[in-house]
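Listed here are the chains, written in short residue letters.
There are 2 protein chains.
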Amino acid sequence: MALYVQKFGGTSVGSVERIKAVAEKVKRFRDEGHQIVVVVSAMSGETNRLIGLASEINDDPTPREMDMLVSTGEQVTISLLAMALQKIGVDATSYTGAQVGIRTDSAHTKARIQHIDTNDLREDLDDGKVVVVAGFQGVDEEGNITTLGRGGSDTTGVALAAALKADECQIYTDVDGVYTTDPRVCSKARRLETVTVEEMLEMASLGSKILQIRSVEFAGKYNVPLRVLSSFEDGPGTLIVAEEEDNMEEPLISGIAFNVNEAKLTLLNTPDIPGVASKILGPIADSNIEIDMIVQNVSPDGNTTDFSFTVAKTDFKATQRILTETVIPSVGGGEMRGDDNIAKVSLVGVGMRSHAGVASKMFRVLAEEGINIRMVSTSEIKISVLIDEKFMELAVRSLHTAFGLDAEAISDETA
Amino acid sequence: MALYVQKFGGTSVGSVERIKAVAEKVKRFRDEGHQIVVVVSAMSGETNRLIGLASEINDDPTPREMDMLVSTGEQVTISLLAMALQKIGVDATSYTGAQVGIRTDSAHTKARIQHIDTNDLREDLDDGKVVVVAGFQGVDEEGNITTLGRGGSDTTGVALAAALKADECQIYTDVDGVYTTDPRVCSKARRLETVTVEEMLEMASLGSKILQIRSVEFAGKYNVPLRVLSSFEDGPGTLIVAEEEDNMEEPLISGIAFNVNEAKLTLLNTPDIPGVASKILGPIADSNIEIDMIVQNVSPDGNTTDFSFTVAKTDFKATQRILTETVIPSVGGGEMRGDDNIAKVSLVGVGMRSHAGVASKMFRVLAEEGINIRMVSTSEIKISVLIDEKFMELAVRSLHTAFGLDAEAISDETA
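Those sequence lines, one after another, are chains A and B.
Everything in the first sequence is counted per numbering that gives the first Met the number 0, starting at 0 for the first residue and increasing by one.
Everything in the second sequence is counted per numbering that gives the first Met the number 0, starting at 0 for the first residue and increasing by one.
There's no promise every hint is true.
Because identical chains cannot be distinguished in the list, a pair is counted as satisfied if it fits within a single copy or across any two copies.
As the list claims (entries may be wrong) - Using 20 Å as the maximum straight-line C-alpha spacing, the simulated EDC-like pairs for lysine to aspartate or glutamate come out as follows:
| hint | residue 1 | residue 2 |
| --- | --- | --- |
| 1 | Lys86 | Glu55 |
| 2 | Lys312 | Asp173 |
| 3 | Lys109 | Asp305 |
| 4 | Lys86 | Asp126 |
| 5 | Lys26 | Glu388 |
| 6 | Lys164 | Asp123 |
| 7 | Lys24 | Glu140 |
| 8 | Lys381 | Asp116 |
| 9 | Lys24 | Glu216 |
| 10 | Lys316 | Asp285 |
| 11 | Lys86 | Asp58 |
These are calculated hints, taken from the structure and not from any lab test.
Computed from a predicted structure; not experimentally measured.
Next comes chain A alone, as it looks inside the complex (with noise of 0.2 Å):
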């Protein structure tokens, strides 16, 4: 018998067709004799049309009401779904986040859990009840309803799960776990059985389509099994742990994220001068434009330097114009390049750690394609280099054949 969180969200029960869905789901769980909480958003569409009421209303409402607010979305669900566990013969109590004591600080539509008081849900789990608790949302010291933000419930299941020290926490989504990339780009991306929380995070381009980047932090600190599944069909799904144990096959890469978000700027010939890199991120990060990768090369001349960055496409006009107004002048010559027609293709693997030579296989395999490689950065577990977009597929799919990712493949990756 084991004690699974099961969080479903707003798609899962978007109609009272997935409700009921969701209902023989949990059953079947249940009828195997484990200990079930389940964790709910609301109907899609259901807080769009409240945020769509508050806004015909108030165009500044408080925090604090919009919380009162879009907090019923989850309480509408939480009810729906305990009756059709009743229903179809499954003793199930819905909770709220206040009514478990999901104990938040009082930063309104953006709140963070601070404790979950589990005394009355394992009450409930030693009666055999099914629970069924809101995500998203929590109440502070004076009573007041919160919510976590957008998304927010993923943590809510995470939290639960880690303060019940449960088995497992298990994501239900539309799709049934994460790859090793995306199958758009390359049809031979094959679905993980594991992936470590530090690759879930390096993966972003990725995983934030699938799990909150909070929630996996979360998993991760709190040490809760998290596994991602598919709401509408069964499978084991691909389990996120905190560290890759005792594994004999461990993968040198685990996946390949890209992105074609982002744009590259330099700065040529710029005085190699102590303070220089703040004085030209300085003016750029007081415009609240955030900076990705940064690359710094001296010039052969030894005098001056090659600066190179990248900001989202979005920020890319932006960045031209505080660079030739403010920043050339200030740090006296140089010349400004630009280029948004870029992708950015990253091997992201805990196994990198322990393993020379991916960079240069990585470099090997982009030339044989013919890829010219315009920027290069790297940390511990991932690393990425900047291509022409037209290039992206290809790189990626000739990437996830070379390290051995490709579906039925047999590993090669001796680098």
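Start from chain A and add chain B according to the hints.
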């Protein structure tokens, strides 16, 4: 400076525009320096929408989950109204029944209020805030959300007014007060400035369309001045008071109630032996049929009796069957007569207590119009007569004039 509890029903908050109008009305009172607690129902249609969702899932859900579900309706309204107040510069905070500490028993879907904790409310009011409270709901000792049953928002308003010792509980409805009789039947019907709790209870057929009887009883018990007003136009409405105090011009009759929803049944020549009444009415009550008027006359020979009573028209056929199949065989003898073309007309007024002759005047007025009286029953502040249904309007109008109730009429009721 007064403290008002103002209750707005589902129609009054049925749309974004109406919620904004309620906010404006509340602001006007606030601007006059009064402290305001607002109690609101769910937006009209919302409770039925939620019940509809539930019925698609489970035709017999537990009452606890129904309360969890439908209580979201008021929660949406309180947050939207608080936002609307904030938008027009009124500091406002919303509270669910649970948050404001409306403690009830655990009789889900028909809970009774046991206690209200007013500390937080008082603090907010002293801070100059308008407090918006969800009607119709509370919380039991274990923290489960309960509801007071349909229409229970009136009761919430009265209970809060009692707990806060408010100067007045104002119930905003779609009529502008309590009338001497239904204006659709008698064009001379007049709005009453005041009416006593007892009169409201006796005028159920008028009053129940405006106010929940239970909230009127509650107001009487706790001496809460209750005022019925229109949501949509300004005006003084009708004040419902515990006792008519020092009213020099206390009217003999306050109003005329009527209904055409009853049917009359008579057993003729029933043996006049002890216990015969319970033998007749027992089997009817056992079938959950409610009996209204009961009249028993001794017949001239002193050995038999004529026994008459009224039931709802919808129970007419079933009652006839019970009399024929069960009662007459068991009590022996007798002949049954039934009539469902009857109307009940009642004069109501606390002034009746200290005045003789109301009944004789009533009978005289009806006789002058050629209206035959089929049955009479009296209470301390009410006289009811059964007449042919076709005379109903004529009877109401004649009595309305004769007892000085007509708008702009000079009172002449010296009986």
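Hint check:
1. Lys86 / Glu55: between (38 Å within a copy, 11 Å between copies)
2. Lys312 / Asp173: neither (28 Å within a copy, 56 Å between copies)
3. Lys109 / Asp305: neither (40 Å within a copy, 75 Å between copies)
4. Lys86 / Asp126: So Lys86 and Asp126 pass the 20 Å test inside one copy only (18 Å; across, 48 Å).
5. Lys26 / Glu388: For Lys26 and Glu388, the Cα distance exceeds 20 Å both inside one copy (47 Å) and across copies (59 Å).
6. Lys164 / Asp123: within (16 Å within a copy, 40 Å between copies)
7. Lys24 / Glu140: Neither. Shortest intra-copy (35 Å) and inter-copy (33 Å) distances fail the 20 Å Cα cut-off.
8. Lys381 / Asp116: Classified as neither: same-chain Cα gap 38 Å, cross-chain 57 Å, threshold 20 Å.
9. Lys24 / Glu216: neither (27 Å within a copy, 49 Å between copies)
10. Lys316 / Asp285: Within. Shortest intra-copy distance 16 Å satisfies the 20 Å Cα cut-off; inter-copy 83 Å does not.
11. Lys86 / Asp58: between (41 Å within a copy, 8 Å between copies)
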